[in-house]
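Quick note, the sequences are listed as chains L and F, same order.
For the first sequence, position 42 (counting from the first letter as 1) is numbered 42 according to our numbering, and the numbering increases by one without interruption.
For the second sequence, position 379 (counting from the first letter as 1) is numbered 379 according to our numbering, and the numbering increases by one without interruption.
It should be emphasised that the hints constitute simulated quantities derived from the structure, not laboratory data.
Accuracy of the hints is not assured; some may be wrong.
[Said to hold, decoys possible] Coverage of chain F stretches by chain L, computed from C-beta distances (three or more under 8 Å per stretch; other residues unrestricted):
#	region
1	251 to 265
2	554 to 568
3	572 to 579
[Unchecked claim] From the derived model, a few chain F residues whose C-beta atoms are all more than 12 Å from chain L:
#	residue
4	Asn170
5	Thr176
6	Thr313
7	Lys347
8	His440
9	His461
10	Gly630
[Stated by the list, open to error] Within a straight-line C-alpha distance of at most 27 Å, the following computed DSSO-like cross-link-like pairs (lysine-lysine) qualify:
#	chain 1	residue 1	chain 2	residue 2
11	L	Lys132	L	Lys214
12	F	Lys552	F	Lys60
13	F	Lys185	F	Lys515
14	F	Lys515	L	Lys109
15	L	Lys109	F	Lys552
16	F	Lys68	F	Lys35
In this text, a Cβ means the ideal position worked out from N, Cα and C, and glycines have one as well.
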Amino acid sequence: MRASVIVFPGSNCDRDVAVALQRACGRRPNMVWHADVRLPESDLVVIPGGFSYGDYLRTGAVAARAPIMREVAAAAKKGVRILGICNGFQVLCETQLLPGVLLRNRDLKFICRTVELDVVNSDSDFTRNWKKGQKLRIPIAHGDGSYFADSGTLKSLNDNGRVALRYCDNPNGSLEDIAGIFSENRRILGLMPHPERAADPELGGSVDGAAVFKSLVQALA
Amino acid sequence: MQGNAAIRKTQDPPDLRRIAAEHGMNAAEFGEMCKILGRDPSACELGVFALMWSEHCSYKSSKVWLKKLPTEGPHVICGPGENAGVIDIGEGASGEKLAAVFKIESHNHPSFIEPYQGAATGVGGILRDVFTMGARPVANLNALRFGAVDHPKTRSLVAGVVAGIGGYGNCVGIPTVAGEVNFHKSYNGNNLVNAMTVGVARQDRIFYARATGVGNPVCYVGSKTGRDGIKGATMASAEFNDNAESQRPTVQVGDPFTEKLLLEACLELMATDAIVAIQDMGAAGLTSSAVEMAGKGGLGIELDLDNVPQRETGMNAYEMMISESQERMLLVLKPGSEEKARDIFRKWELDAVVIGKLTDTGRLVVRHKGGVEADIPLAPLVTRAPVYERPVEDTPKQQPLDPVRYPLPPGMDLGAALEKLVSCPDLCSKLWIIDQYDRHVGTNTVYTGGDASVVRLHGTHRGLAMKVDCTPRYCAADPHEGGKQAVAESWRNITAVGAKPLALTDNMNFGSPEKPRIMGQFAGCIMGIREACLALDYPVVSGNVSFYSETKGEAVQPTPVIGGVGVMEDVSKTARLTHATEGDRLYVIGATAGHIGQSLYLREIHGVEAGSPPPVDLQAERRHGDFVRGLVENGVVRACHDVSDGGLLVAVAELCMAAGCGVDLTASDDSPGFWFGEDQGRYILCLPAGARFPLAEKAKQAGIPVAEIGILGGGDICLGGRSLIPLARLRRSHGRTLPALMGE
């Protein structure tokens with residue numbers, strides 16, 4: 001699997017996700033700088049968590065307009081898998097590769113907590129190692145994670161199996177407890193929880209997140 | 001070389017004296033400054049002297065005492081005097097020798113005036129202290145003290161400080177892994193915000209402030225300079241009166257995004273051989289960084305302020321030299337490296353501008369708009385800085401209290417007392433705070449929420465354990481014993497997870513040093529810290545002093561916070577409270593005499609703050625700790641917890657709440673002194689049912705008191721089979737206090 005991790009000024013989970021990818025597939029991903037105008041040949045593009053451009057203006061808004069994002073959008077059109085985690089999910093919404101937006105958390109506070117999640121759709125290259133209805137424990141860490149979309153969009157997400165994960169105990173006010181969604185072709189996944197933080201048994205916590213990377217390696221090997 | 005005649009005169013002498021006084025400079029200091037200069041100072045020079053000689057920068061009241069702290073040991077690579085302390089922590093992923101670089105620093109005064117920005121820039125400043133030495137920060141910690149929970153300012157201060165700490169650290173991407181929070185009325189007018197950063201560097205890539213090489217370019221990197229934070233160090237060197245609010249303009253504004261860029265750019269440049277010396281512009285900004293670098297190198301330095309990146313127009317030399325704008329660094333580069341530095345900083349969208357050079361004159365020369373604004377001999381600025389041996393008045397000794405005089409109040413049983421204690425502000429769940437800190441970024445956080453937190457060294461199975469500790473009420477009652485206890489508790493906490501304590505950083509928070517009573521507290525705590533450091537082989541490698549934490553004559557309780565760091569060879573052996581489980585046998589290590597003076601039981605149940613604090617027997621402390629660490633390392637114990645605030649029953653309750661499992665206690669004693677006394681040097685341990693390890697025998701051989709006190713199981717805290725309180729109820733009460741305080 002050839003993976004690329006996009007690095008924006010202010011990304012801070014780029015190394016973490018690179019470590020998780022390498023653990024899953026034995027190969028280091030390309031770290032691609034935001035100002036680059038060419039994306040290396042990739043089977044998977046990861047937009048990592050962090051505070052791209054300081055989250056100034058709106059979370060993900062400036063990153064969505066970085067030169068490299070035109071390439072990412074072009075790759076998406078060709079069917080390259082794209083994974084946006086936390087700030088990466090926000091960026092994907094800002095680029096309109098995924099619908100909806102992520103608003104300030106309901107309580108207006110940053111929340112770092114390991115939450116319980118419900119697997120809604122395991123039929124994708126990202127989620128195939130989970131089972132529908134399985135309960136996961138994966139950490140979240142965000143100030144703007146409250147998913148919002150108009151009712152038409154929500155209906156379409158539901159009708160087309162595009163909701164990947166829901167919170168069991170909604171921490172941030174997301175509509176319909178949504179924690180992660182797919183693109184129409186399910187080749188793009190955006191999620192607020194950090195699977196790369198639940199992928200290393202030595203840390204002593206949950207390793208439920210490792211399945212995302214394992215699934216991708218199986219699909220794209 | 002400019003002569004004195006060329007110095008710009010901006011003020012008449014009487015005016016200068018008044019301005020000097022406003023900067024916190026007394027008449028004798030003013031006279032000494034004029035003697036050094038051989039004339040009256042310019043405004044810019046006055047700013048430089050006032051800042052360098054402020055309590056905050058010069059340590060003029062504390063210096064004679066700080067010298068008494070033990071700062072050496074086999075692991076110490078660099079002790080106090082640099083930006084942070086450096087210790088040897090063994091090998092990294094590819095056999096390279098690694099160092100931990102760490103320091104704690106206060107941002108008390110700014111955090112009271114503007115809690116969010118004050119706390120945020122406190123985190124920013126301590127991060128820079130660590131990465132300026134070439135270390136990548138791997139963890140943040142903080143020690144917070146707020147006023148009484150019913151004081152009208154407390155809620156907004158807690159909300160602002162916590163959001164500020166989280167807002168900064170989360171954005172830079174450094175996990176905040178541990179801390180402590182206390183509430184007491186002595187902090188009503190002065191909350192304390194102490195921030196600590198631990199970083200990791202290669203031992204052969206550590207950078208120091210000492211400048212070398214006459215002619216080498218001096219390069220300014222990072223954010224542009226504005227008028228923010230002007231006179232911040234001066235503010236931090238005086239007590240508050242009624243108009244603390246009016247000092248808001250002296251608080252700096254933080255930009256964690258720029259800090260993240262500065263961190264990455266500096267580390268990238270440090271991987272080349274371009275840097276001779278580097279110093280962050282913290283308190284006293286450009287002044288202290290220029291003076292420190294050139295002064296430590298025994299050289300001179302010339303700065304041309306026309307080249308300083310500025311974000312405001314019309315700034316004069318005085319303003320630029322004392323501005324405390326954040327996220328800036330000063331570098332001395334190797335000649336010919338300017339382009340390399342510019343390229344790297346341009347990539348990270350930051351300024352990197354040569355603003356001066358090193359000289360052989362031994363003088364700080366500041367030019368602006370064609371004139372010389374300052375021309376100061378550096379050696380006397382440093383060596384003739386004022387040093388005060390302030391009068392010291394000992395704290396009167398308090399008598400030990402007889403626990404028999406403080407039985408449970410009528411109608412309150414042990415269970416009710418326990419519930420009240422675990423839900424008091426100092427012992428309640430801090431989840432409301434902790435959840436606002438990203439604890440996992442970096443994916444090396446092994447353990448948080450126990451006695452010490454453990455962060456793995458990237459790419460290895462080894463780890464660092466760390467924690468901040470202080471018990472101010474002990475220090476107030478007996479500064480010497482309190483100082484000892486803070487160090488001992490730090491050492492005990494690091495031991496309790498199975499790590500070997502190596503060294504510490506200290507943050508001394510006190511009232512006005514001009515009062516003999518306060519100076520007596522300071523001296524007492526220092527001597528207590530010294531005694532414990534020596535006995536435990538636990539040296540001080542960095543630190544910070546924050547005096548003048550008082551408002552209208554009311555000083556904070558003496559608060560010498562100890563930030564400890566230890567190392568462990570295998571993080572998978574970390575002793576976790578959560579590992580305790582049904583059937584485990586519970587033991588207490590160390591003797592329980594029922595010392596009730598200064599206990600939380602006394603304060604929270606009886607409303608009494610009195611008596612002598614529990615004495616620390618340092619030899620026993622060491623014996624017990626080494627024994628416990630060996631048990632953890634050998635995998636004998638499943639869980640381990642130190643016994644501190646609230647005593648034995650609170651420690652047991654904390655273990656049970658973390659493990660989600662009740663306990664049946666078997667001890668025959670049911671006195672509050674036994675269960676809530678705060679005798680030192682104690683741990684509780686869980687051994688799996690059926691473990692064949694002869695604990696009692698081994699402890700006896702080592703001369704260590706041990707007693708089996710119960711078996712884990714069930715859903716209640718029981719004593720002799722009778723329920724004191726259901727665990728679920730205890731957890732609910734424990735968790736409700738802070739959200740209720742915060743209005744949720």
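Closer than 8 Å Cβ to Cβ for three or more residues is the test here. Does the region 251 to 265 of chain F pass it with chain L? It holds: at least three residues are needed, and the region 251 to 265 of chain F offers 6 whose Cβ sits within less than 8 Å of chain L.
Quick one, are Lys515 of chain F and Lys109 of chain L close enough, alpha carbons at most 27 Å? violated, 41 Å
Within 8 Å of chain L (C-beta), three or more residues of the region 572 to 579 of chain F: holds (count 3)
Hey, is Thr313 of chain F genuinely clear of chain L, shortest beta carbon separation above 12 Å? holds, 23 Å
Are three or more residues of the region 554 to 568 of chain F within 8 Å, CB to CB, of chain L? Check failed, 0 qualifying residues.
If you draw a straight line from the CA of Lys68 of chain F to the CA of Lys35 of chain F, is it 27 Å or shorter? violated, 31 Å
Is the claim that Thr176 of chain F lies outside the interface with chain L correct, judged by CB distances over 12 Å? violated, 9 Å
May I ask you to check that His440 of chain F keeps its beta-carbon over 12 Å from the closest beta-carbon of chain L? Label violated. Min Cβ-Cβ 5 Å, cutoff 12 Å.
Compute the least Cβ-Cβ separation between His461 of chain F and chain L, then decide whether it is above 12 Å. Violated, because the least Cβ-Cβ distance between His461 of chain F and chain L comes to about 7 Å, which does not exceed 12 Å.
Given as non-interface: Asn170 of chain F, which should sit over 12 Å from chain L by C-beta: The assertion about Asn170 of chain F is violated, with a minimum of 6 Å to chain L.
Are the Cα atoms of Lys552 of chain F and Lys60 of chain F separated by 27 Å or less? Holds. Lys552 of chain F to Lys60 of chain F sits at ~23 Å (cutoff 27 Å).
If you draw a straight line from the CA of Lys132 of chain L to the CA of Lys214 of chain L, is it 27 Å or shorter? Since the Cα atoms of Lys132 of chain L and Lys214 of chain L sit roughly 17 Å apart, the hinted pair holds (cutoff 27 Å).
Of the numbered hints stated above, those contradicted by the structure are hints 2, 4, 5, 7, 8, 9, 14, 15, 16, listed in ascending order.
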